[in-house]
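Line order of the protein sequences matches chains A and B. Residue numbers for the first sequence follow this note's numbering, so the first one is 4 and each next one is one higher. Residue numbers for the second sequence follow this note's numbering, so the first one is 4 and each next one is one higher.
Derived from the structure by calculation, the hints contain no laboratory data. Bear in mind the structure is a predicted one, so any value in this text is a computation, not a measurement. Glycine residues also receive a C-beta, built at the ideal position from the N, C-alpha and C atoms. Don't take each hint at face value.
Derived, one-sided and incomplete: chain A residues facing chain B with beta-carbon distance under 10 Å [unchecked claim]:
1. T74
2. G78
3. I102
4. G107
5. A222
6. Y283
7. A521
Number of protein chains: 2
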Amino acid sequence: MTPPRRLTGPCLAFLTRQRPSATAPRAFHSLPSSTSTSTNACRRHLSSTRHLSRIQVNRRKDVKQANMSATTLKGQPLDKAVLDAMLRRRMFYTPSFEIYGGVGGLYDFGPPGCSLLTNITDIWRKHFILEEDMLEVDCTVLTPHEVLKTSGHVDKFADWMCKDPKNGEILRADHFVEAVLEARLKGDKEARGLKVEEKDDPKKKKKKAKSEAIKLDDALVKEYEEVLARIDNYGGPELGELIKKYDLRNPETGELPSDPVSFNLMFQTTIGPSSNSPGYLRPETAQGQFLNFAKLLEFNQGGMPFASASIGKSYRNEISPRAGLLRVREFLMAEIEHFVDPQGGKKHHRFPDVADVELVFLDRETQLAGKTETRKVAVGEAVKSGLVDNETLGYFLARIHLFLAKIGVDQSKLRFRQHMQNEMAHYAVDCWDAELLTSSGWIECVGCADRSAYDLNVHAKKTGAALVVRSRLDEPITIEEWEVDVEKKKFGPLFKKDAKTVEAALMASSQEDREKLAKELKDNGKATITVEGYGDGKAEIPSDAIRIEFRKRVEHTREFTPNVIEPSFGIGRILYALIEHNFWTRGSEGTDEARGVLSFPPPVAPTKVLIVPLSSNQSFKPHLKKLSQRLRSIGISSRVDDSSASIGKRYSRNDELGTPLGITIDFQTLQDNTFTLRDRDSTSQVRAEEDKIVEAIKSLVDSSKTWADIQKELPAFEGQEVDVAVREK
Amino acid sequence: MTPPRRLTGPCLAFLTRQRPSATAPRAFHSLPSSTSTSTNACRRHLSSTRHLSRIQVNRRKDVKQANMSATTLKGQPLDKAVLDAMLRRRMFYTPSFEIYGGVGGLYDFGPPGCSLLTNITDIWRKHFILEEDMLEVDCTVLTPHEVLKTSGHVDKFADWMCKDPKNGEILRADHFVEAVLEARLKGDKEARGLKVEEKDDPKKKKKKAKSEAIKLDDALVKEYEEVLARIDNYGGPELGELIKKYDLRNPETGELPSDPVSFNLMFQTTIGPSSNSPGYLRPETAQGQFLNFAKLLEFNQGGMPFASASIGKSYRNEISPRAGLLRVREFLMAEIEHFVDPQGGKKHHRFPDVADVELVFLDRETQLAGKTETRKVAVGEAVKSGLVDNETLGYFLARIHLFLAKIGVDQSKLRFRQHMQNEMAHYAVDCWDAELLTSSGWIECVGCADRSAYDLNVHAKKTGAALVVRSRLDEPITIEEWEVDVEKKKFGPLFKKDAKTVEAALMASSQEDREKLAKELKDNGKATITVEGYGDGKAEIPSDAIRIEFRKRVEHTREFTPNVIEPSFGIGRILYALIEHNFWTRGSEGTDEARGVLSFPPPVAPTKVLIVPLSSNQSFKPHLKKLSQRLRSIGISSRVDDSSASIGKRYSRNDELGTPLGITIDFQTLQDNTFTLRDRDSTSQVRAEEDKIVEAIKSLVDSSKTWADIQKELPAFEGQEVDVAVREK
């Protein structure tokens, strides 16, 4: 699961700095001030059951680098304001309910954004599900309380928030502390006459004045910096103490905010007409896959290993959503749960196919040393050297890389960052994030974790369902152990609706427990067992309701709970990074004449072909219709633009939409059925008769040929570009 | 929108009858007992803002017919229990959270169900969005209170429920009244020695005994029948009166249930950390499209008509979800909003393309006469004769028909039923449902309504947004009317946060209102206007904050609110009907040997090709891999089954999954690279070398050839069917 959350952090409007963060100290050890963690105490607690709250880990160094190196596809400095205006103008996405004033963290996708989403998930489905014979499932978003209680989300999926006593403003506690301290540090720098980092966002510049140029004590500066370095390690009470200790006041009101309280990030609702059936909108798609494990194994005819996969929406009720698509409340995820036998080294039969794929790694040791240097290593080598824990994990890292490359991610802006030991849950074996570099820094877009058997185990323990694999042993083995038999006829009426819960607790008991219980039964005619969620937590069972005996048996099968390797994709984040990676401007830079281009690869591009008639002359109409029908019949989406704008304007519009090819219909077409075909990226054109043009389009869209190939095959055409030039000036 | 709701009605376990329903009387007029309405007073109220609560209208006659005529694709009687067991076994769909005991009305789709969903929506997207250049949007499910308040859902999207005072059971009031009265009528029939209708569902048969054979007074029988005939017209208070009048007691407890209370069917939640931001999960996808109208119009460069479309999940918190996928709480919808100029007869430029398509119509007049006879009419003729209101509506009915035919709906089980006048909202022009015949009767699967300008108007009125089209007039016109100017500088500070609301109310005022207001201003120096949602509903405006004058102006453009034609698809219902329509059994009927087949057309089938090696012999492996890779490279999904089951068993399994084609790899393959290709429906086989087999598969999957064509081209093969026969016996 890839949580689109907690990116840049600022919850106060005046905050202009990128939130610094880095590797996670376990507790309050002294760490170099250049490192801090991305998970605060509350979230770290969370991540000990599931890496629910992972954010990109940006060191200060890193962020600085990101800001300075935010570039377009062509290496130009990326002007975020220009890009945002273009995305809005072309309706890639738009704030939801805008005519009602909008709601934070909710976005609607317009036609090109929608098409991008569809194309990305379509390629994802082919690349992972079809290519790997995964079992796709589509589970409900509505999830009853009990399931998410077991998974740990009800108790731990939370942030700390506090309230301004005067205006009622709700602040995310860690963001608030961070923002106020940073403002003070900035004021200190100004007072000392030091250069204050410049920010890109022009809107935020105005607010800067709010920080007052007051010089701080040197020791205090150091203290503040140390607090900021470990901001994500503090729990609610500690954040509350910091607020009091440093007298951190809300600049809007001058008030001290209230003590931080825990705020669960799941959207709660009630399922059915009765008010005692609480439920939530799922915060991830994984749980539905775990719950269906036994059925999926059966569907797979018992075969192991296998993977399930799911594409669907998940929900997180962010306290202060920001950063556009990067931290939202409703988002599309694609998750894979690959179930593998924990014995035998987690080999993958297709690993040799990817062993030579080179990945850019930022490993744990490098991060611990406070550095961000990456190294490029073939994944085969990485597994061999132990950098990546096992073949299956390595296989998926390579497959993730290939997927991102396929959709058009800039590979120089992709790295795989390993989780620190204390970033991961205690049961996790290894975890890597695919991070993409954007103007907001390195963004976690895909997580890939080896989660051992944790999830299946907790659900099995809670429900008593057998979420296990039974495999035939080559050699039968003899086992001697304590076994529990339940006398259903006595047991059922005794515990009624709780019978299942009590039985599950019995079945989950250890050998030692069972030995003790057997003795109790023998001595007292009854035994007491601890059952979570039953009465006062203890169940007394009379000896006629169960039997516990030490027995010998011969096993011909082995039973085990599979381990899970979980690649988890945040589609919205990938989509946004993809836009930045493919954006550049043409024409005079910095002036109004700079025209935006989105150089999406054809399979991802929202529309493949633009068809433009030279003018609104009626005689062009039949050609328009025939051509778009012909393209449609071979599965290529096209769009006709017969508006009155100049051809140049019409092409510009479609460069902004990322349409890779353009066909012009002119008076020559009427005579000889030839068309010009234009390449979005070079704006060069060729001219040929219909069949050849359609053939060229087909080979460009299925990537079997490049534009250079087509230029060699078909004669160049110069006419229209003149038209463009003339009309645009 | 196609609400998957209120299908068969029974809320009491003992109820075994199909719920009767038919045409809707406006009030309590005496109607033949064979007719009743599908919307009760509460729901009718609803449907006066939006046809939110449409259910299939099954006359008693109709239902009887449906039960008797529930047949398989091959005309065999459809054994629902056999089909259900198969769907479960093959994991088409499965109750969600089953290991936790399940939650009513929530289903997960397993691999074949998921693939069906993907294929259906993929074809839908091509058939509608790409083919018609619609503007696809993907809006959020989370919707703030205010939006659904304006649309009418907060106030009116509700059912009546009552509670048993003893056991707390929650009953849907109309279902409860219906069930108890029907049980009494059945008891009466039994007492009179009349034959009682037999039901299919074996599970329910046992419960029948509960109705006691007590003869009723003739007059009472008539009364009961009349109540049942109009059960859907009663509001909550009336249902409460019926419960008291007839002493209707919950058979589970012998108690009278409480008075009915209104229960809103939307799932409520809170957006953001503050508790004063209530929101809902959308009950339909339409609202997001309406709210984005202005942006979409701009994206379309002002061109009219145009359509937006959306595929996504919607939610309805059913009181008593039943009937599998037919009435669920979370479901996939595909909705189109076609925006058209209300002037000029709502022509459609592509209408001539579909004018000859013949549709099966059940019109309003026939239903009013208490009949269900349908007639087949070309849609061109239907529009010409006025049966269908306009070309655009007719165009979509034909396109819906073509879509359903394309995915494999049995056309003899499809009809278009017109809504009765009082079934529709007051502003609606015409509305038709595409209904599919299933074992649960005629099910509304697609609605297609002409909703006039209602939706855009209510949102524009509430927000002040200009949800209008401006089109250039050929001849300028002169207009004289009262105009309102707002002095922003005075007006804003005066009404603060409500300024927008008050201004919107001013702008929405009629000419008469404005004339009155102008006089008030002149006479009193201030004017009072009614503003919904502002203070006590009245706003007093001083004369220096607004100016109202009677002016003459020349207009060069015409401004209008477009009308909306809304085709709305319930994908889950279509999927279920499709399964029933394509199901049949092979082998000895009625015995265990009957083997299920799902004869999906190849484009819809979850997997296109099954590849089976004759045995687990290692020498077959390279062929398996090569062949599946080759098929994948041409975009055809295949699945290898190299389990140890007999070839016959493996084919049977895939017949149940609806896989249309099967390839066998045997020892001959190793010698000459030939394969056998098997047709699911006939089980006949051909044999040829690889290229020819792949070519044949390609043409079958893209529907360019039929199996009969292939049989003419390639030599028949008899071998494997012997194997099937031998091993299966």
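Cross-check of the supplied hints:
1. T74: violated (29 Å)
2. G78: Since chain B brings no Cβ nearer than about 31 Å to G78 (chain A), farther than 10 Å, the hint is violated.
3. I102: holds (4 Å)
4. G107: holds (7 Å)
5. A222: violated (36 Å)
6. Y283: holds (9 Å)
7. A521: With a closest approach of 29 Å, the A521 (chain A) hint is violated.
Taken one by one, the earlier hints fail for this structure at numbers 1, 2, 5, 7, listed in ascending order.
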